[in-house]
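S.K.: Sequence:
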Amino acid sequence: MRKMLRKIVTWLFCAIAVVASANPLRLSTTHMLIPRTGQEYITVFNTSDAIAYFRVNVERVVINAQGQPTYVTARNPNELGLLVSPVNLKMQPRQKRKVRVLSLVNKVPGLVSGTGHVYYRIDFDHVTQQDLEQQKKMNDPVPDGALQFLIRGKIAKTVIVDVGSRQDLNPQTSNQFVKVDRPDSKITQQLEITNTGNVVVWIVDMEICDASACQKGGWFRMLYPGEIYRIDVPPTTVKMSYTEKLGKRQQRQSVTIPA
1 MRKMLRKIVT WLFCAIAVVA SANPLRLSTT HMLIPRTGQE YITVFNTSDA IAYFRVNVER
61 VVINAQGQPT YVTARNPNEL GLLVSPVNLK MQPRQKRKVR VLSLVNKVPG LVSGTGHVYY
121 RIDFDHVTQQ DLEQQKKMND PVPDGALQFL IRGKIAKTVI VDVGSRQDLN PQTSNQFVKV
181 DRPDSKITQQ LEITNTGNVV VWIVDMEICD ASACQKGGWF RMLYPGEIYR IDVPPTTVKM
241 SYTEKLGKRQ QRQSVTIPA
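259 is the number that the working numbering gives the last residue of the sequence shown; the numbers go up by one with no jumps.
Wrong hints could be hidden among the right ones.
[Claimed, not checked] DSSO-like, lysine-lysine: derived pairs with alpha carbons at most 27 angstroms apart:
(1) Lys-186 - Lys-98
(2) Lys-157 - Lys-248
(3) Lys-216 - Lys-98
[Said to hold, decoys possible] Beta-carbon label-pair distances, calculated as ranges:
(4) Pro-109 - Gln-39: 18 to 24 angstroms
(5) Ala-213 - Thr-70: 36 to 42 angstroms
(6) Arg-100 - Pro-234: 28 to 34 angstroms
The set of hints was computed from the structure by calculation and includes no laboratory data. Where a beta carbon is used, it is the ideal one built from N, C-alpha and C, also for glycine.
Using the sequences plus the hints, can you model the full thing?
M.R.: Okay, structure coming up:
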């Protein structure tokens, strides 16, 4: 039993070490818009004084019937409609490199039609030699996908790529209150925000007001087109407001709790 506990503790410490390590990669952008027949470049910079290794992962974003994002991968990135190269980077200290992002959406049948937009997530995962050596030292292997999840979930730098026409950008949201049934909670309704436009928007500066005062928070959320996000409404709330933002363009939305 003690031996098993030691193994678990060892794995947890290794996991914490992976999470604690910082990603030395700096990116020229976090949100990129490219035409369906075009290409752009992401400039990457190794800010550390040591050689660094990065792995590039590409996923296509699909909004499901519940308004939640799912991520599609493929062994051949061309099948996703976006070619990113190189996907493995070995960078010298303080080195800058360019990563090519090429749209192939027009070559994938049924992927897009008309003036539609297609969205991708590009993760730059920081992989160190120490991570790999630490895994080899363990008596038992790390649970499947655990190390990769920690790297991707905690250290990855991400770029959101929007493939589509710049002329037809239409950032907007809609909102409504929906009832929830929670017998063990005082929460009876949620504010449901839906991205009804065709471009990614950021929901920032949420403010919740009761009869006597308003409370602001540092809350923010990115929404893909068609994505739905629900926020619990405290029982004493009389009004909620937020800002929808796309670059320098922003608009304040205010909603009053129905009687």
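S.K.: Next step is simple, just say for each hint if it's right about the structure.
M.R.: Taking the hints in turn, this is what the structure says about them:
The hinted pair formed by Lys-186 and Lys-98 fails the criterion: a straight-line CA distance of about 52 angstroms is larger than 27 angstroms. Between Lys-157 and Lys-248 the CA atoms are separated by roughly 22 angstroms; this keeps the pair inside 27 angstroms, and the hint holds. Note on Lys-216 and Lys-98: the hinted pairing is violated, with a Cα-Cα distance of about 40 angstroms set against a maximum of 27 angstroms. A C-beta distance of roughly 21 angstroms is found between Pro-109 and Gln-39, which places it inside the suggested range of 18 to 24 angstroms.
For the pair Ala-213 and Thr-70, the beta carbons lie near 39 angstroms from each other, so the given range of 36 to 42 angstroms is met. Look at Arg-100 against Pro-234: about 48 angstroms separates their beta carbons, and that is not inside 28 to 34 angstroms.
Taken one by one, the earlier hints fail for this structure at numbers 1, 3, 6, listed in ascending order.
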